[in-house]
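Following the hints, complete the assembly by docking chains H, S and R onto the known chain V.
Number of protein chains: 4
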Amino acid sequence: MTDDRLPTAIVGAGGYIGQHFARLLADHPWFAPPLLVSGERSEGRTLSEVWQLADPPPDELAGARLVKLGPGEVARRGVRLVFSALPSGVAGGVESELARRGIAVFSNAADHRRDPDVALLVPEVNASRLAAIGRRRGRGLLVTNPNCSAAGLAVALAPIVPVLRPRAVHVSTYQALSGAGFPGVPSLTIADNVVPFIRDEEEKVGAETALLLGGIRGRAVRPWPVPVVAHCARVATRDGNLEAVTVEARRRPPRAAILSAWREFDPLAARGLPTAPSPPVVLRSEPDRPQPLRDRWAGAPARARGMAVSVGRVRWTPPFLRFFLLAHNAVRGGAGGSVLNAELAVHEGRLARDGR
Amino acid sequence: MTDDRLPTAIVGAGGYIGQHFARLLADHPWFAPPLLVSGERSEGRTLSEVWQLADPPPDELAGARLVKLGPGEVARRGVRLVFSALPSGVAGGVESELARRGIAVFSNAADHRRDPDVALLVPEVNASRLAAIGRRRGRGLLVTNPNCSAAGLAVALAPIVPVLRPRAVHVSTYQALSGAGFPGVPSLTIADNVVPFIRDEEEKVGAETALLLGGIRGRAVRPWPVPVVAHCARVATRDGNLEAVTVEARRRPPRAAILSAWREFDPLAARGLPTAPSPPVVLRSEPDRPQPLRDRWAGAPARARGMAVSVGRVRWTPPFLRFFLLAHNAVRGGAGGSVLNAELAVHEGRLARDGR
Amino acid sequence: MTDDRLPTAIVGAGGYIGQHFARLLADHPWFAPPLLVSGERSEGRTLSEVWQLADPPPDELAGARLVKLGPGEVARRGVRLVFSALPSGVAGGVESELARRGIAVFSNAADHRRDPDVALLVPEVNASRLAAIGRRRGRGLLVTNPNCSAAGLAVALAPIVPVLRPRAVHVSTYQALSGAGFPGVPSLTIADNVVPFIRDEEEKVGAETALLLGGIRGRAVRPWPVPVVAHCARVATRDGNLEAVTVEARRRPPRAAILSAWREFDPLAARGLPTAPSPPVVLRSEPDRPQPLRDRWAGAPARARGMAVSVGRVRWTPPFLRFFLLAHNAVRGGAGGSVLNAELAVHEGRLARDGR
Amino acid sequence: MTDDRLPTAIVGAGGYIGQHFARLLADHPWFAPPLLVSGERSEGRTLSEVWQLADPPPDELAGARLVKLGPGEVARRGVRLVFSALPSGVAGGVESELARRGIAVFSNAADHRRDPDVALLVPEVNASRLAAIGRRRGRGLLVTNPNCSAAGLAVALAPIVPVLRPRAVHVSTYQALSGAGFPGVPSLTIADNVVPFIRDEEEKVGAETALLLGGIRGRAVRPWPVPVVAHCARVATRDGNLEAVTVEARRRPPRAAILSAWREFDPLAARGLPTAPSPPVVLRSEPDRPQPLRDRWAGAPARARGMAVSVGRVRWTPPFLRFFLLAHNAVRGGAGGSVLNAELAVHEGRLARDGR
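Protein chains in written order, with the numbering used here: chain V, 1 to 356; chain H, 357 to 712; chain S, 713 to 1068; chain R, 1069 to 1424.
Next comes chain V alone, as it looks inside the complex (with noise of 0.2 Å):
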């Protein structure tokens, strides 16, 4: 018996997104046990051996060995998607050189996010991108998800964007230890604290946002013209960035009608995306919610744990709607967002000719 399963690896395995990339591509439908790809670190040693996650490592990956390999020796074992979980600044040439080489590359780092080449990618808002702008890069294909903060703010946003027709967006994160990764922040920073500073965030948030939300004129993307003005810290929280959001709206819609465009949206139902989850915005009305501890593994179906974004405490004074947001930075703003990406791209037909 063959798998016809696509061949997949990780780079970057043994750090904290690799791991999420692991679990969630264990007993995928669509991509074929990942091949382990680390450095001299962690070579050798099993997947178990180098676990950080809170949950155990999934069976059909806990024994398997990460292997230290170039571009070059990944592609000869014939993968045809790799999953970047590499940090960003390391990330670059390697992801290249494995997209020269005909691979697809999904990736979570931040390198190439504003490549003019590259796609920055989140199905339920720009699905459209990956075929205007994710051309190949060589012969291979290079899409990236965007920052985690951003990820989140823009599924919420989509829906409404239309209906508000924005002046300006505010947003103040609340954002998870897991997003710097591990050792990450020292536990005597944070303790009994909130650090209003992680590097480079608010800019991110800003433009990757607005790359998200804009639109393709010819090749190029015309971002998004609404400012988005973002406060970023880090609190004590394991997992799930919550996001206090206000909209200046041009418009006064009532109450019902920013709800219901929120309710109705599920843009990618009918393409039967293993990692979608559906609804992606998962709309809450107790007044103290949505909550890290409790929203963060919001999403169904199972495969789509930690995917949907987790929207509450709506309060319209016009022109100000206000809101919170919870979105899985691992998963929703990191490896999930990739897979779905990959997800996204085979169900298009983008990879390369052989591929499925």
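Be careful, since some hints might not be right.
[To be verified] These stretches of chain R come out as covered by chain S in the derived footprint (C-beta under 8 Å, 3 or more residues):
no.	region
1	1119 to 1126
2	1133 to 1142
3	1233 to 1242
4	1274 to 1282
5	1288 to 1302
6	1308 to 1314
No lab work stands behind these hints: they were computed from the structure. Ideal placement from N, C-alpha and C gives every residue a C-beta, glycine not left out.
Relative to chain V, chains H, S and R alone:
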């Protein structure tokens, strides 16, 4: 040797804010050791026995016993000033009754904050309010400090309002556990979590900031007409409210002018109030300050610890000025605010004839 | 199609342990969906509306409404098994009354744990107790699970007692917040803190461990005569009691014999109880395990998640055997313990004539 | 006016313990402001710029710059006492070299703690050790404070050992984050968790407690022959090690005799050492003390804050005496211990000829 300090009492002395009052009034140069008035639950116990703050009770009051007394009994004991730490809802009637008996009441409760004959007061922000509005209610006086988040916000905004002429103020809070008093927030509610809801808080921040920054026409306060759009959330810090503030400005002064406005702000400098911090705004230049853990006790001299408002991460991208502020919710935003109010009232000769 | 599963109810269904019962009984192969009995405060609300656990309520019961019913009404509805999550103090009378009416009661409360006609039961440790002592009280049955810290300790000790013949057992606990239920421990009490006191806990750990490991003479339990010397402290973890255990041994077997005793321990293997973990003791060889965060949900198969006791850091320096253990306080040490007890009782035919 | 205080230096001044040394040496009556010696990373920066403790740096030293100096340069600058906050492993060679040059070295590092010509010293416990063993190494002196958990344990045991004649001591620790310094424990490792492992810690607690409580035969220490059986775990508190202690006693004195032994213990009372707490053991009678949050700073007078060991929850069920103790790991169990050692050495005239 007689103690010529003014006789005082704390009502609600057994609670969290009551204990902060006790801490602040111990060894006070103007105020005699307070009578500790409380409800039945704490009656007859020493302050030491009911103490809940992390630091130990002040030596001067540790052995003092809590007594259960009605307003009449408090008045008959010759008390001239009462500090009220009663919970909102309960406080209103007791405070009115005390004022009717000629006592000057300085309250942390919300009940009377919007009454037309009560001064909602932050001495650095609206000291003239005391003369204009804080007239005697009955024979006494009733003065309130604002909500804990409004207090810090008003102090931080006061110096820059004339420089920027704001069109709108956006604020998101990261509020401490102690703001909910004791028992307050259950640990299972907040461990590994953020709760994006505090009852009535957003309304208070909006309305009270507008009252504090407003003007007087006749004897009525004309609220500041600029929208203060708030999101309030509880995080797992013990003390100190962090606030992310964006001011949308009408004017575009150079950055240095904004910083100078904060640096030169010290309207109480000449008055010699013991609990007044000098400067009231501590401007921080580090990339990651202010922080609750490190800045909650800002304020000099020693008696003004926790009274300064720390401002940092100032970003000026016109028309948007962004910054974070940090103020100790139970000191600047609670008991300390009322002690400073009382000092101002004494200094201004606002107590009755036989007062200091 | 009829449901031939046994009709059940949960009393105290609105509380923390009650909700764990609901979670564990959802889709149970032997037990029908439980009637949710609660007090006035929750009457008429759905399980979803009162839900307090971090993970969402089970689909099967989310919409079920809590009802206020007395013991007679519960009996008249044909309920055969009741799971009691009532608080100690309240539980005693209700449970007796239910048992008198022919119902088999499985309780998490402390009230009846030391009664002579009640089985204090941990199936892996003293399954025979059910036959010996758990005789019907009135027409029914009353079986209790032990204190949350005693449960894990007894499971970890059971396999090694014959190998080591202990002279004394020393145990210090690091207990989770959820053991105090809801609202439970105030956040201001435990943030940045450890509280070295849990009322009556040390006595329970000592006395109940002795009852569990004791023998039967006639129909009376003869407590284990070895001193169990306990320190109990609360730490700021959500779930999972960690315990530091030192056994002073009379015998000096090789280390391998001790490890084998744990590894080979699986006394329920043949019985097919749905909630029984196999193996009941998970032996960990990492240098820093077990940990509450990572091991609280140990236990296979899926229905037994949270039922295994993790043992690690085994150090054998005769006569002292040191190890740490970790057990989920609300599952193995609470609701899950009673569900397993009920499964054993059904399997042993201990329910009344018309029972399964 | 000349400063006749002794010239001092701190090596490793940039780290967590180094900063505690700076805090404790500011405005010290016997010791001049220390030279701040550090590695390359901090060279040239002010103490303020590298400061990591929650409270602000002492005014006297805030602007002082860290310098990179070898042992010879330190000696040439006339330094008479060096406080070593170097990490274990690095410390050994530097400290030996400093001592060879005639300097009295007071170290927090583990490297020399078991050397035969080095005094492992806690003044309240084994002050005579200084004379017996702490002879000059080369021309200087080398004295160490013990491991942070051994320090508190030794102080708590010293008064009761003669009363109880222990057969064994069992101790389980709840250790603070700051014991691992900075960056130390990653927040993702410890949030919602306890880690039951600290490298080499249990061995140190056992061996160093035995050295501290041991006697002298000739010039060699004869370790206390009673087993000290330790479990060490890290919890998510910022400062203060809590320890659960069970003493198995040979004698059975009345409870009052045990309490008196602690209450009357004050062996340094007559010496006037500035950093000595009086009393060294604070006996607490509340049901739930000591606690890290509330007792970490125990110790009078002001200069001895954090130097007292709090003891509480005393339960005497012969032969087992159980209690909890709390000691500030970075003060009593770190920098403060060495400052007190230095004060004792100066008081005893143990510095070289031209010393005080």
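So, going through the hints one by one against the coordinates:
no., hint, verdict
1, 1119 to 1126, "violated (count 0)"
2, 1133 to 1142, "violated (count 0)"
3, 1233 to 1242, "holds (count 4)"
4, 1274 to 1282, "violated (count 0)"
5, 1288 to 1302, "holds (count 4)"
6, 1308 to 1314, "holds (count 3)"
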